Each structure stands twice: as structure tokens, then as C-alpha cells.
Amino acid sequence: MILLNDARNIEDYLENGGFKALRRALEFEQDEIISEVESAGLVGRGGAAFPTGLKMKFVKNEKNTPKYIIANADEGEPGTFKDRGLMEKNPYQILEGMIISAYAVGAKKGFFYIRYEYREIAEKIKNKVKELHRLGILGNNIYGSKFSFDIEVVLGAGAYICGEATALMESIEGKRGYPRIKPPHSTQRGLWGKPTLTNNVETLANIPVIINMGGEKYHKLGKEGCSGPQLFSISGFVKRPGIYEYILGEKTIGEAIELAGGVDGNFKGVMLGGGASGYILNRDYLDMPLCFSDAKKRGVALGTGDIIVLNESVRIWDMLLNIAKFFEHESCGQCFPCRYGTRRMREIIEKIVNGKGTSEDIKKLNATARAMKIASLCPLGKSAMTAYESAMKNFHDELMEVIK
Amino acid sequence: MEDKVVEIIEKHRKDDAKLLAILHDVQDEFGYIPEDAIKVIARELKMKKGEIYDTASFYSFFRFKPEGQHEVLVCDCIVCHIKGAEDIIKRLEEEFKVTMGETTKDGKYTFKMVKGLGHCEKSPVMMVDGKLYGNLTPERAVEILRRCEQ
Ligand SMILES: Cc1cc2nc3c(=O)[nH]c(=O)nc-3n(C[C@H](O)[C@H](O)[C@H](O)COP(=O)(O)O)c2cc1C
Ligand code: SF4
Ligand code: FES
Numbered sequence: 001m002i003l004l005n006d007a008r009n010i011e012d013y014l015e016n017g018g019f020k021a022l023r024r025a026l027e028f029e030q031d032e033i034i035s036e037v038e039s040a041g042l043v044g045r046g047g048a049a050f051p052t053g054l055k056m057k058f059v060k061n062e063k064n065t066p067k068y069i070i071a072n073a074d075e076g077e078p079g080t081f082k083d084r085g086l087m088e089k090n091p092y093q094i095l096e097g098m099i100i101s102a103y104a105v106g107a108k109k110g111f112f113y114i115r116y117e118y119r120e121i122a123e124k125i126k127n128k129v130k131e132l133h134r135l136g137i138l139g140n141n142i143y144g145s146k147f148s149f150d151i152e153v154v155l156g157a158g159a160y161i162c163g164e165a166t167a168l169m170e171s172i173e174g175k176r177g178y179p180r181i182k183p184p185h186s187t188q189r190g191l192w193g194k195p196t197l198t199n200n201v202e203t204l205a206n207i208p209v210i211i212n213m214g215g216e217k218y219h220k221l222g223k224e225g226c227s228g229p230q231l232f233s234i235s236g237f238v239k240r241p242g243i244y245e246y247i248l249g250e251k252t253i254g255e256a257i258e259l260a261g262g263v264d265g266n267f268k269g270v271m272l273g274g275g276a277s278g279y280i281l282n283r284d285y286l287d288m289p290l291c292f293s294d295a296k297k298r299g300v301a302l303g304t305g306d307i308i309v310l311n312e313s314v315r316i317w318d319m320l321l322n323i324a325k326f327f328e329h330e331s332c333g334q335c336f337p338c339r340y341g342t343r344r345m346r347e348i349i350e351k352i353v354n355g356k357g358t359s360e361d362i363k364k365l366n367a368t369a370r371a372m373k374i375a376s377l378c379p380l381g382k383s384a385m386t387a388y389e390s391a392m393k394n395f396h397d398e399l400m401e402v403i404k
Numbered sequence: 405m406e407d408k409v410v411e412i413i414e415k416h417r418k419d420d421a422k423l424l425a426i427l428h429d430v431q432d433e434f435g436y437i438p439e440d441a442i443k444v445i446a447r448e449l450k451m452k453k454g455e456i457y458d459t460a461s462f463y464s465f466f467r468f469k470p471e472g473q474h475e476v477l478v479c480d481c482i483v484c485h486i487k488g489a490e491d492i493i494k495r496l497e498e499e500f501k502v503t504m505g506e507t508t509k510d511g512k513y514t515f516k517m518v519k520g521l522g523h524c525e526k527s528p529v530m531m532v533d534g535k536l537y538g539n540l541t542p543e544r545a546v547e548i549l550r551r552c553e554q
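Just so you know, the sequences run in chain order X and P. Taken in order, the first sequence gives residues 1 to 404; the numbers are from this note's numbering. Taken in order, the second sequence gives residues 405 to 554; the numbers are from this note's numbering.
I should point out that these hints are in silico values taken from the structure, not numbers from a laboratory. It cannot be assumed that every hint is accurate.
[To be verified] To be clear about the criterion: a stretch of chain X counts as covered by chain P if any three or more of its residues have a C-beta under 8 Å from a C-beta of chain P, and this derived list gives those stretches: (1) 76-89; (2) 110-122; (3) 153-163.
None of these values were measured; they are calculated from a predicted model. Ideal Cβ positions, reconstructed from N, Cα and C, are used throughout, including at glycine.
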């Protein structure tokens, strides 16, 4: 295991080579670290799969100071719980990755933003931050170098949208979590208008690994189009639901389900890449390798790396209604297409679930989906209909059966 | 109350992300965010009362009136939903004579439906005063709550 090691105490972490990567990184030039991350081919694990090295470079090259770094532990996507597991089991690796990244881009202050539901974990991380201060691994002149860095732990208060990087910044600034209009990008003007690097906590945990093994070698883990380890949250109707770590590209969806004990009941399909903004897929996808490029080829995405297994007891319209309610509740309400569209989507699907759906309703749903995709301000509105659209493709007959 | 609120604000003076931290501590102290506390925060941080309320009301876990003794969060997000959350909610509503979002007449429990507790490997789940209970059945959910009464 590369990420999900059990090192809850500093002694365990140090014993297994913890903070060796940081000591080493502090002897590198900033650009050397970034080029290792680039050659590793690491992409973000928070859902958008953006190249991490490139994002670091953007922030590093900004002249404006001070710069900030954010560890995103908001983990609001339904069906996703891998960040929780990582923070519980191997928190120091995230912190080490955060310190190295901060050094690489020239940030002196970091924020560790954790969702309210993980309050207990937030308390633990706070204590670990204090502990690292005592050990000289945080604070002034880390390991005797010229680099100083501090981390503030911020507890969210219940808003899915605050996982979106710019909404999260608003939240840290003490405002409503409204996503910002881009450009400017937050790498240029983020927290308090200053260059800010935002990374998912799992992404950060990969940084010490890359420094220790070197970018080239890390890149070889995996296959064309995806490298490194990734955590998968596997839930729903499987016999052993939980968090599983695989090298990207090594396992197919079907194999991952088998390794999680197999289906509980008769297999029907999976929801992949996010329990709200992900894709509803049928058995044709079981042979798809868990790899970004394979997913892309088939018009889907790994997103936050979750697989919700569905058996025959699950009715797809009912599931879509649950998802529609989620988005209606979680739309921040800032822009009209999403605020109105998510409500309309819920109303129409509710009507269909009540057995009163007509072909006219399907047309309305499709039109709503199109409008939201074009006109929504942030990816929440743009992706709210992904589940519906993919279900229409993969479970067409079941969905149309109840339409008059 | 004022002294306590000022003390909380002082504790976070040096934080950059002050407001959420202060609101959390105020809520922990009083069980909710009282109007008078908002006044003090506004004065000390040199903000308008409306601004603070505007921020606080955006977040679903901040509350502005007292609630029941025990906070019960029942997850009805996708995984919990397909694994039977609806039956649990129905049973709890019958047993405690409330609908989700309400407090029981005796003031013991406030029930809330939430969207994703992040423990989907144990779905269906609920959280009672911050403690998680998983693999629920309607009977077990009732039993757990009855146990907190004793
Ligand atoms: C509605 C919405 C919610 C999001 N929630 C999260 C989240 O909980 N955690 C996370 O890491 N990224 C989340 N993201 C993605 C972030 O905006 C951002 O891309 C990510 O934190 C960048 O880190 P990465 O490059 O390491 O993935 C969310 C995005 C959107 C649009
Ligand atoms: S798309 Fe939805 S969530 Fe995003 S800014 Fe608009 S209203 Fe808010
Ligand atoms: S859906 Fe309920 S905990 Fe994840």
C-alpha cells in the first residue's frame, strides 16, 4: 500500500520513513520539485483530474504574495468516503505533502478545510498540526531551512458546494459559499485575491511518494493515460464495502467489485465517479479498466473514485429522484439556470416516479439538462443531469417503460 | 453571555478564517447562535449584523434557535437511500411522532435529514450527537435512541 498505510501516530509514521521526503525536498530547488510532480503524471483526485504539476507551476510563477495553499477535505460527494479513511489512517502523509507543495510554490500559510460531518477528524488534525510545531516540522525554519510554513484547520458547516475550490475560498474568508466567476483563476487570484493552490487531500498524499521514488518511477506505476495509486470508495450492494487502493489501470470495474466480495444480490449496474454527479452504468462497463483514459474513451470519468454497486432491488427513476433532491438542496442558488433547473428536474422526476410521466416530460427534462449545461456558472449545475443522461443511455428501456 | 462571546472571539483573533470558527464555538457554547451573540461578533469584528447572519444562514449546520437535547442526523443520500433509509425515516417519524426537521414535544430529540455523512460503507447510517451508527434497520435505529434516554 502506498497511500492507505496505517500510521496514526507520529512514531509509526517516522519509523516508516515519514518526513524523509520533506527533508529531501527542502534541499531541492522549487522548480525541481514541480518537475518531478509533472513527470510523475499525477492528476488531482478531487474529481476534476487536473494535472497537479501544472497547477503548482501556475502558482509558483505568480509574483503576487503572500501565496496560500488549501488542502480540500470537504468530501461532499455522496458515495465518496476515501478522504475520511485516508485522514484517519495516514494523516501525516497528507500534511507532509502539503508542506512540500507549499515550499514548491512559495506559500507560507495553508488551510486544511474539513467538512463538518468529519468534526472528530478535524480535532485530530488540529492536534497533529500542534505536534508538528513542537517537532519543528511546521512553523519557522522547518528542519533548519529558510522555509517557514503554518497550517490553520478550518471546519466547514454543511454545504456541498463549499468543496468547489472558489466557494471554499469564500467560506474561509467568512462568506457564503458562492463559487466565483472565472477567470481570474484562483491560482492567480484566490484567497484574499492572492495566488492559491488548492488540492484534494489524496492528491497531496501522493507528493511525498513522488519525491521519495522520483517522478519517472512513479509514472511507471499504472499504464498509458493514468499513473499512481488511487483510492476507491466501494459501496452499495457489495459484500465487503469499503476503501480500496489500486494502481490505476490495474483493475477493471468488475474486478474491483469481485475484490470487494462480489455483488450482494443480482447485479444491475454501478454508479461511477460520484454519487450525485457521476454516471449510471450497466454491465457493459464491467470490463472497463479503472483508468482516466479508458473512462474518457467511453465517455465517462472516474471523478472522485467511487463505485456504488446496484442490484435488482434498485429502481433507476427512484435513484434519479434522490439525486435530483440532492441537487435541489445543494444548489447554492447564485445563478438562475441551476437554481431553477434543479427544482424543475426534481418536480418532473417526482411526477414520473408517481406514475404520471409523459413523453412531454422527457422532452422537458432533456431541455432542462441542455440549458443547465450551457448556462450554469459552475460545474455543480453543469453536472447535475449527468446521472439522468447516462441512465437514459444505459437503462433506456426501464426508464421509458413507465412513460405514457 | 457577552463575556463568553468576547472570550471566544479573542481565542480566534489570530486566525485568518475567523468567522466560521467563532460561530462554531458560539454554537457549541449555547447550543445555537443567539441574536445577542451576533451583535457582539459584529461589534468586535467591525462587521454588520446582517453580514454575519447572511453568512451563517447559508450553512445548514448553523442554527438560530435552541434545539432538542440530542441531535439526530439521518442520512438520506444515495447509498443510504438505496439501502433502506426511507424505511428508517418512516419508522422514526412514527415512533417519535415528528417529521424530519422537527424536535420532539418533550424536547429530547431534534431530527434532521442530511445529504451524505461520508460513511457509505456502513449505509444506512445516522449520527447521534456526533456518534455514528451504521448498518441500521428501523428497529435498531429506534433501539439506539431509546437507549440514549436512559
Ligand atoms: C460542486 C463541487 C464540489 C466539489 N467538492 C470537492 C470536494 O469535496 N473535495 C475536493 O477535493 N474537491 C472537490 N471539488 C473539486 C475542487 O473544485 C477542485 O477541483 C479540487 O479540490 C482540486 O484538487 P485536485 O486537483 O487535487 O483534485 C468539487 C467541485 C465541485 C464543482
Ligand atoms: S451552477 Fe448552481 S451551484 Fe454553481 S454557482 Fe450556479 S447556482 Fe451555485
Ligand atoms: S450516502 Fe449516507 S453516508 Fe454516504
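Which numbered hints are broken by the structure, listed smallest first?
Going through the list in order, the structure violates no hint and respects every one.
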